[in-house]
Every structure is written in C-alpha cells, then in structure tokens.
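Chemist: These protein sequence lines map, in sequence, to chains A and B. So the first sequence is numbered by my numbering: it starts at 1 and just counts up by one. So the second sequence is numbered by my numbering: it starts at 1 and just counts up by one.
Keep in mind that the hints were calculated from the coordinates and are not lab data. Owing to the predicted nature of the structure, the values given are computational and were not obtained by experimental measurement. Cβ coordinates follow ideal geometry from the N, Cα and C atoms, glycine included. Hints may be right or wrong, so weigh each one.
Unchecked claim - Derived, one-sided and incomplete: chain B residues facing chain A with beta-carbon distance under 7 Å:
id, residue
1, Gly52
2, Ala83
3, Ala84
4, Tyr85
5, Pro89
6, Ser109
7, Leu115
8, Ile116
9, Ile118
10, Ile122
11, Phe123
12, Ala126
What the hints assert, rightly or not - DSS-like, lysine-lysine: derived pairs with alpha carbons at most 30 Å apart:
id, chain 1, residue 1, chain 2, residue 2
13, B, Lys130, A, Lys72
14, A, Lys194, A, Lys72
15, A, Lys313, B, Lys130
16, A, Lys311, A, Lys71
17, A, Lys313, A, Lys194
18, A, Lys194, A, Lys71
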Amino acid sequence: MILQRICAGLVTLVATSSHGLGEEFAWDDFSLPPQYSLAASSSSVISDQGASTTTPFHEDVVVDRDWVYIKKSTVIPGIGASVVELRSSSYDSSLLITPTSSSALISDRFAQLHGESGEASVTPMPVCRMLVHAKDLGITVERGDELPDGSAVYLLSGEVLGQDAVAKVVMDGKDIVSLTQSPPGNNRVVHEIKYLAWVDLPGGGRVPTEITDVLNTSGTGPSIQKTARLDQYTKSDLAFTQSQVSIPDGFAVRDTVAGTEYRFSSSGNHSELVYPAAASQQHTEKWGINRILVWGGVLLIGVSGIVVALKRKAVA
Amino acid sequence: MMMFARLLSYGIAFVWAYAGTTKLVGVILGVDNDVASTWLYTFPIWLILMLGLAECLLAIFIFAGGQVTGMLGGSLMLLSFLAAYLLYPPAPDQSCGCLGSQLQLANVSVVGRLLIFIGLHIFTAALLWKPHSSDRHPQQGTAVV
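Bound conformation, chain A alone (with noise of 0.2 Å):
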C-alpha cells in the first residue's frame, strides 16, 4: 500500500512537473485532416481614419501539414477573377509570384514561422503547426482556465505567427475555435481569428466553413477585417504542388535565401537585375522586337499625325 501511495505520488509529480514545462501538442489532437483542398470566397475590409474599403478575393488553397498552396484572386464582379497572388511554401522554401508587378519572391518565411502570409485567415493548419512545433519555435504553451462551456484554453507566448506576442488558443475538444494575440505585458488584443461552423469532411477530419480574421493595431476599432466562407472543401491526398508553380519567364525575382536578384529565364539563363539597366542590356532590349514593336506604334501614331496636317494645309 505505500508502495503503491508512493508510486502514485511520482506519477503526481511526474504530470504536474511535464504539465510545468508546458503543453505539447501531437498532430493527433488535432481534427484537422492531413491535407485539404478549398475554394473560400473571402472580403476584406481595410478601415483608416474612418473610411473603408472593401475588396472581395477568391481563393484557391491546398494545404498540407507540410507545405500550403495558395492562389488569391481580386473579383470584379461581373466580370470574373484575376490573380494577385500565389504562393507555394514547404519547409524547403516559399515561393511568391506576384503577376500584377511581374516579380517574384523566394525566402525561408514558412522554415521559419511553420506558416504563410494569410494562411491562418482560411485554415487553422498554421495554428496546428505552431502548436505541434512550439518548442523548435521558441514558444511556451501553457493551459488556463477552462471556459464555462467547457472549451480549453492555451496560453501562448513567445513569436506567434511572427509577431511577438502573448495569445490565446481556445480549443472545443479537438477543433481550433479562436486565435487572439495581445503584445506582451498589454492584454489589449489586436488580432483575432475565429474558426468557425466546423464540418465534418467525407473521408475523415473536421474543417472550418467561416474564418473571420480582425486585425486592430490601432485599438480603436478593426484596420483590417477579413471574412472568408468556404464554398468547397474535400480532404485531398496531393503531392507537393510546388514543382507545378513555375515562375514566369522575364520576372523579377528576389531570392533572400540566397541573396540574389535577376530576372528569371525558363531556360535556366538568368540574366542579372540591373538598377539602372546595364549599358549591355540596353543594347540587345534596344533591338529586341518588344521595343521595335512598341515604339513602331507609336512612330506609326506619330507618322499619320503628320500625314493628316499634310493633307489639312494642301487643301486649305
């Protein structure tokens, strides 16, 4: 009997010595499928100083506990939807194309943060992974006090999405409800997402259909409010789609990995970005067809100009 009161007693101070250190997270505790593809239709609302705009986005993602795709597209409605945005990130590397500014952007950001720019506004998968890696991260997790419905909470502290912060992690059994981040040592939040209306998916795991992402730097009300609805979801088993994101021939591209620039040839030939234009390139853009092209239209616009002055004075 007090070998057993005493083995009981270790295993006491076993789990409240690990509970001490802080919470650890298995991909297990999570409802979230391994993979998932989805279509979100999403707005957001940028408010400064009283005005707002609103700019309604689709969005087309894929994401993997290992790897996210993203394609982000500006609706004008009526007439359809042109992308601003792709991204397609893996712990080898995140890759950026953006095509309204021809250029593209190579970095080590989802290495880092386990995460994509505006992942978390329409999935909670970068919220599972800073959980599930929160010690490679840097981050403590602790439990607080449960909430009257019975939903846990976790306290976080350390860089949480990148940014610094102190956050919150409410949990209702093993579906992500909420994020909310406060800086440290200000209990002031200014930034939360709500994961909400969970379903169940057709093959197994939970996804959430409405994701509201409020951003309020400021603190006197919502800068940047994002709302997306999950038009589809379907559980997926992809392989990474990063090889099938290529970079588009004549791009700009910032590789901070390596700590290049050049613009970017299918052909494997880079050539070098050069600010100003380098007296070489000058000379093979000055006769390329592109120039002749352009500057033959104009020259043709220029030409006819004179012709119709010629003909005006002839008769008068």
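Please arrange chain B on chain A, whose structure you already have, making use of the hints.
Modeler: Only chain B this time, still in chain A's reference frame:
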C-alpha cells in the same frame, strides 16, 4: 498611295473578321481546354460573344466602305483591350489568347502587338482620310470613303 491604304484597310478588316468568327465559332461549338485556359477566357462567355460579334460587325463595316470610321473604331476597341490587359493582367504562365497567337508572336509582348496594330489602324485612317474645307463643303461627312 490610296490603293495601298485601301488594301491595308481590307487586310485589317480580314484580321477583325478572323478574330470575331473564331471567337463566335469557338463559343458556339464549345471552347477547347487549351483555349479556355487563356487570359481572354477568364472573362464571361457572354462578354466574349459580344466581343466576337462587335469584331465581325467592324469587319463588315470596313468592307462595306466605312474605312476611316472603322479604323478609328478598331483603334478604340484595341485601346480598351489594352487597358483591360494592363488593369486585369493574366495569371503567370497564362497565354493571352489574343492577337498574334496565330502569327507565331507568342513571345512578343501583348502591349507591343496591340500598339503596332493600333498604329496601323490610325496610319491607315490618316492615309484614307479626305480632308474638306468647311467653307466649300459644310455638309459633307469626312469618314466614309
């Protein structure tokens, strides 16, 4: 010179006719997957049908003799197309599906193609234009040759 300009206008009208009919036929018979993935087909089908129809009507108008007005109308259509392309750019790796794709000009920038075509329209219009003195012909129109 006038004969050259007239031939040029017919050539341009032929391009419009080709562009319009391929759009109309493509939409009516069903667009194949390769074409559907182009930038042009990111717009709704009704808009492409209207565009195809407008291009065919423009070609008919030019062939019927409204060359100067037709050239100016064509330039306006091209300018609006250029504006749409710049304000609403295609996705990476997405071909335009517009002027030049049949002419092995796929690697030539769309802006270059459109500008040279706009220039050709205006140049042709200028060559075909017959000036008139408002004193001598106050009621005569200037557009139709």
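Chemist: State for each hint whether it applies.
Modeler: Evaluation of the provided hints:
Given hint, Gly52 of chain B at the interface with chain A, is violated; its Cβ is 17 Å from that chain's nearest Cβ, farther than 7 Å. For Ala83 of chain B, the shortest C-beta to C-beta distance to chain A is roughly 13 Å, which exceeds 7 Å, and the interface hint is violated. Because the beta carbon of Ala84 of chain B sits about 9 Å from the nearest beta carbon in chain A, more than 7 Å, this interface hint is broken. At about 11 Å, the closest approach between the beta carbon of Tyr85 of chain B and any beta carbon in chain A exceeds 7 Å, and the interface hint on this residue is violated.
With a least beta-carbon distance of about 5 Å to chain A, the hint placing Pro89 of chain B at the interface is held under the 7 Å criterion. Using the Cβ-Cβ criterion of 7 Å, the hint placing Ser109 of chain B at the interface with chain A is satisfied: the shortest such distance is roughly 4 Å. At a threshold of 7 Å, the smallest CB-CB gap from Leu115 of chain B to chain A is about 3 Å, leaving the interface hint in force. The criterion of a C-beta within 7 Å of any C-beta in chain A is met by Ile116 of chain B, whose closest approach is roughly 4 Å, and the hint holds.
Of the supplied interface hints, the one on Ile118 of chain B holds, with its beta-carbon coming within about 6 Å of a beta-carbon of chain A, less than 7 Å. Among the interface hints, the one on Ile122 of chain B holds; its C-beta lies about 5 Å from the nearest C-beta in chain A, closer than the 7 Å criterion. Among the interface hints, the one on Phe123 of chain B holds; its C-beta lies about 4 Å from the nearest C-beta in chain A, closer than the 7 Å criterion. At its closest, the beta carbon of Ala126 of chain B sits 4 Å from a beta carbon of chain A; the interface hint therefore holds under the 7 Å criterion.
The hinted pair formed by Lys130 of chain B and Lys72 of chain A fails the criterion: a straight-line CA distance of about 52 Å is larger than 30 Å. Only pairs whose Cα atoms come within 30 Å are accepted, and Lys194 of chain A paired with Lys72 of chain A is accepted, the gap being roughly 20 Å. For the proposed pair Lys313 of chain A and Lys130 of chain B, the alpha carbon gap of about 12 Å is at most 30 Å, so the pair holds. Our distance criterion of 30 Å between C-alpha atoms is broken by Lys311 of chain A and Lys71 of chain A, whose separation comes to about 54 Å.
Of the pairs offered as hints, the one joining Lys313 of chain A and Lys194 of chain A is violated, with about 72 Å between alpha carbons and a cut-off of 30 Å exceeded. With a C-alpha separation of about 22 Å, the suggested pairing of Lys194 of chain A with Lys71 of chain A holds against the 30 Å cut-off.
When the structure is compared with the earlier hints, violations turn up for hints 1, 2, 3, 4, 13, 16, 17 and for no others.
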